[in-house]
Amino acid sequence: MTLPQTTRRLFLKSSGLAMFGIGTAPAWLGRALYAADAPSPRKKILVAIFQRGAMDGLNVVVPFGERRYYSLRPNLAIPRPNRTEDSAIDLNGFFGLHPALSPLKSIYDEGKLAIIHAVGSPDPTRSHFDAQDYMESGTPGRKATSDGWLNRALASEKVISPVRAVSLGTGLPRALRGQNEAVAIANLNDFQIKDTRGADTFESMYQGTIDQVLNGAGRETFEAVKLMQSIQSQPYRPAGGVRYPNGKLGQSLMQIARLIKANVGLEVAFTDLGGWDTHVNEVAAKPTQGQLANLLTEFGGALAAFYRDLGDRMADVCVVSMSEFGRTAKENGSRGTDHGHANVMFALGGGVRGGKIHGDWPGLEQEQLYEQRDLQLTTDFRDVLGELVTRHLGNPELKTVFPDYGKPKFRGILSA
Amino acid sequence: MQKLLTRDQIQTLRKGTPEEKQSLLQSLPADTRDQVLTTVPQGMRQQLMAAVDPESRRKLMKANTPQQVVPSDLTEGKLYRAIYSNRQLEEQMVDFWFNHFNVYLEKGADRILTTSYEREAIRPRVFGKFRDLLEATATSPAMLFYLDNWESVSPDRAQQIPGRPYGPRARQLAQAKAKAKGKQARGLNENYARELMELHTLGVDGGYTQKDIIEVARCFTGWTIQQPNLGGDFTYNDRVHDKGEKIVLGVKISAGGGRNDAEKVLDILARHPNTARFISTKLAKKFVADDPPPALIDRMAKTFKDTDGDIRAVMTTMLESKEFFSAGAFRAKVKTPLEMIVSAVRATGAEVNYAMPLGNQIAELGQPLYRKVEPTGYSSANAEWVNSAALLARMNFALALADNKVPGVKVDTGAFLADPADAARQLLFGDATEQTIASINNALTQKQPTPGLVAGLVLGSPDFQRR
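Those sequence lines, one after another, are chains A and B. Numbering follows my numbering, in which position 266 of the first sequence is assigned residue number 583; successive positions increment by one, without gaps. Numbering follows my numbering, in which position 72 of the second sequence is assigned residue number 977; successive positions increment by one, without gaps.
A hint or two may mislead.
[Stated by the list, open to error] In silico PhoX-like cross-links for lysine-lysine, where the CA-CA straight-line distance does not exceed 25 Å:
#1 K1187/B to K1277/B
#2 K1240/B to K511/A
#3 K511/A to K1187/B
#4 K1034/B to K1190/B
#5 K1190/B to K1227/B
#6 K1187/B to K460/A
#7 K543/A to K603/A
#8 K511/A to K1315/B
#9 K511/A to K460/A
#10 K1310/B to K1240/B
#11 K673/A to K716/A
#12 K1169/B to K1157/B
#13 K565/A to K1277/B
#14 K578/A to K360/A
#15 K1315/B to K1277/B
#16 K1116/B to K460/A
#17 K1157/B to K511/A
#18 K1210/B to K1169/B
#19 K1148/B to K1190/B
#20 K460/A to K1148/B
#21 K460/A to K1034/B
#22 K1240/B to K1148/B
[What the hints assert, rightly or not] Quick list of simulated restraints, FRET-style, between CB atoms:
#23 R554/A to L1224/B: 57 to 63 Å
#24 S932/B to G628/A: 52 to 58 Å
#25 S547/A to D1327/B: 37 to 43 Å
[Unchecked claim] Chain A regions said to be covered by chain B (calculated; three or more residues, Cβ under 8 Å):
#26 507 to 515
#27 518 to 529
Hints listed in this document are in silico derivations from the structure and should not be mistaken for laboratory results. All of these numbers come straight from a predicted model, not from anything done at the bench. For every residue, glycine included, the Cβ atom is placed at its ideal position computed from N, Cα and C.
Could you build the full structure based on these sequences and the hints that come with them?
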């Protein structure tokens, strides 16, 4: 750790190796935590959640004011609000939350949870594979895009943290791939040399190697490892006795909260939750039972725990959820729904203009449906993400983040 | 479980050594054993998989995650071949061509089509004529499904419905009818046509236009699959084929050619000089260096043209070249995750009786096998594999392997040499750098060295990451 930052940067640039890792000042590590000149410890942070498999938005934020919702879904519809736990939770007299999302109701009432309905990708595909790919690359209809929107959303900075962009899980998702350094972390506690006898030795090998490619990346790795050690050394206790659900999403959000509170320079985080492809047994005997209710219990519980755990820190944080497409307006023959079009997104955070359902409601009458079967799209997902990237993360370069999209129409999801 | 086993027995299944688990299962009556295998909770499954015999493992998988059986067989097969085959170059070539003509295992029917794709379309032709390989992939159900050509139909297919008038009015009627049925009006899908030229043959700057893509897509209409979800074969459906004249890269393909339209396209592309150059460059980037010498590419491309795309001849030109043995090519490539893990297992002489944990490790290093979503396949460039999480995973794998902590893999730690320089020579088939040896020596003075630790440090060293 002897080269000052500028020297190493120049060296990397001039040797054409910059692509292997944008250098970070090894020296800043020691002072990273809470130091005045640490890389913007109170940066704005964007957390993206991908609900893989196509969530059934119509049963998640229920249009109970539409009579046709009930005729389309005789076995699946969530009953109109009736103050029992088997009915929708009234939001505004027309829409209601699925009862399994009850932990989110008070956050909605506090004005920190915004809902965007009839939103999604304009591409007509009903293939999970293509639609996820398009939503993560941020370029619907274009397969050749090699990087992801969330990676492009990172602005170029002089001093950056080795953990500015983190995906919770193994492997880097499409949304985070690209030019900017991004790390996949399955578990914060595992981000280390597990056999402690090896740690110093590897560090000295990689620091001393004349192999320039491995030397640069090795330095970054051990910088990130050291950063993690400072986090790993203290057991994590969520604030105020908050308990995260045990599933994947709860655990991922807990680790993201931990990174945020540690002030290690996190800017964007990504995590996902699969299983939303509810062709069969979407709703069991009661609305609070079945595949969808189970998923929403985890989803709502995890989001609420994250919000409570971060407390005041939510002022800097925005969480946004998305799913590749919605599901058919009409139920199918096996207590489920098939692949559809528009869907629902959630945005949660201190700066969110919540307590409100954004977007235009297209209706569910036959002629109002997309291809006469699915919820029509009235908001492009890039309008939502574009607003968050520009107004929350402060990156105005939307032409880079969402190429070929022209000018996104902000919906006022963030308060002015 | 509680009804089938005593508490001690459950403890053994949970925490015992692989041998203890195996002998416990052997001691149970056959029907009890089967019941245990079908009811074992998820958390214990992976550990148990590595401990039991292949037959029990299969029962375990079939009962709990049947959808994993085919992908798991495919992955294990690839790893056993990579580790134990005497024909290492052939395995490298199967990997190279599969990746070149990539399909994604998780896309719908490709879950069941990928196995035969690799075995029947790719493997027999890796040293053959490029044109044959191209034909085999173009007609494979896996590729037709992956790049959507199976559902590409002539936009004017209204004209093929007997007794209907031709022309735009008929087309409008057909589309309106399809829409009324709630189906998307089907039409031309350009996906395969584009990737065929961009990724399989000419290369991204290979001199084709958007017009060429549409013309090629028109030629391929009707190349489809019988019942994709039942693993159906290739078939040519003349009813949905675009019967008009096409012009591809300036070459006229006359009307009425039927299935032969696409064959002509493949002829044009396989023999195009840009294809010779594109394929030669990609091979040299994989086997020589990220930035291979232009003179070498020229010679390889010439061989390609002179031999009508004979892959064996192109490889011979490359492998016998002075550039291949030059200092610039020496250890110029960072091993891919597959190469790193397989070479570590081979170098240690490990015995593998269950390869899935190795497959999972390869995924953790960033290269999930058969699961590259994009048609580009994995890049062979060093930058693709060098990032924090992946490097850390390499080091952890190295230590775990040499310490016998990778499930399903057994290393004879007694065979490792204790002296770092000797151990390095043993595993690297050459001398390690001074820095690596010095770091290990330094570590040994401070800690309790075991031969496994020394070997693990060598396998995780920068030296071992290169080939």
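Results of checking the hints against the structure:
For the given pair, K1187/B sits about 18 Å from K1277/B by alpha-carbon distance, which is consistent with the 25 Å threshold. As the CA atoms of K1240/B and K511/A are separated by approximately 22 Å, the hinted pair is consistent with the 25 Å bound. At most 25 Å may separate the alpha-carbon atoms for a hinted pair to count; K511/A and K1187/B exceed this at roughly 37 Å. In summary, the hint linking K1034/B to K1190/B is supported, as the alpha carbons are separated by about 20 Å, within the 25 Å threshold.
Distance restraint check for K1190/B and K1227/B: the Cα-Cα separation of roughly 16 Å lies within the 25 Å cut-off, and the hinted pair is therefore satisfied. Of the supplied pair hints, the one linking K1187/B and K460/A holds, its CA atoms being roughly 21 Å apart against a limit of 25 Å. A distance of roughly 49 Å separates the Cα atoms of K543/A and K603/A; the hinted pair therefore is violated under the 25 Å criterion. Our distance criterion of 25 Å between C-alpha atoms is met by K511/A and K1315/B, whose separation comes to about 19 Å.
Distance check on the hinted pair: K511/A and K460/A sit about 38 Å apart at the alpha-carbon level, beyond 25 Å; violated. Distance restraint check for K1310/B and K1240/B: the Cα-Cα separation of roughly 22 Å lies within the 25 Å cut-off, and the hinted pair is therefore satisfied. Distance check on the hinted pair: K673/A and K716/A sit about 29 Å apart at the alpha-carbon level, beyond 25 Å; violated. Of the pairs offered as hints, the one joining K1169/B and K1157/B holds, with about 10 Å between alpha carbons and a cut-off of 25 Å not exceeded.
Taking the CA atoms of K565/A and K1277/B, the gap is about 23 Å. The hint holds against a cut of 25 Å. Between K578/A and K360/A, the direct Cα distance comes to roughly 11 Å. Compliance with the 25 Å bound is thereby established for this hinted pair. Of the supplied pair hints, the one linking K1315/B and K1277/B is violated, its CA atoms being roughly 29 Å apart against a limit of 25 Å. Distance restraint check for K1116/B and K460/A: the Cα-Cα separation of roughly 18 Å lies within the 25 Å cut-off, and the hinted pair is therefore satisfied.
Taking the CA atoms of K1157/B and K511/A, the gap is about 63 Å. The hint is violated against a cut of 25 Å. Taking the CA atoms of K1210/B and K1169/B, the gap is near 18 Å; set against the 25 Å cutoff, the hint holds. Of the supplied pair hints, the one linking K1148/B and K1190/B is violated, its CA atoms being roughly 41 Å apart against a limit of 25 Å. With a C-alpha separation of about 28 Å, the suggested pairing of K460/A with K1148/B is violated against the 25 Å cut-off.
For the given pair, K460/A sits about 29 Å from K1034/B by alpha-carbon distance, which is inconsistent with the 25 Å threshold. A hinted pair counts as satisfied when its Cα atoms are at most 25 Å apart, and K1240/B with K1148/B does not qualify at roughly 48 Å. For the pair R554/A and L1224/B, the supplied restraint of 57 to 63 Å holds, since their beta-carbon distance comes to about 60 Å. Checked against the given bound of 52 to 58 Å, the beta carbons of S932/B and G628/A, roughly 55 Å apart, stay inside it.
Take S547/A and D1327/B: their Cβ atoms lie about 38 Å apart, and the range 37 to 43 Å holds. A stretch counts as covered by a chain when three or more of its residues have a beta carbon under 8 Å from one of that chain; for the stretch 507 to 515 of chain A and chain B the count is 7, and the coverage holds. With 9 residues having a Cβ less than 8 Å from any Cβ of chain B, the stretch 518 to 529 of chain A passes the three-residue criterion, so the hint holds.
Of the hints listed earlier, those the structure fails to meet are numbers 3, 7, 9, 11, 15, 17, 19, 20, 21, 22, in rising order.
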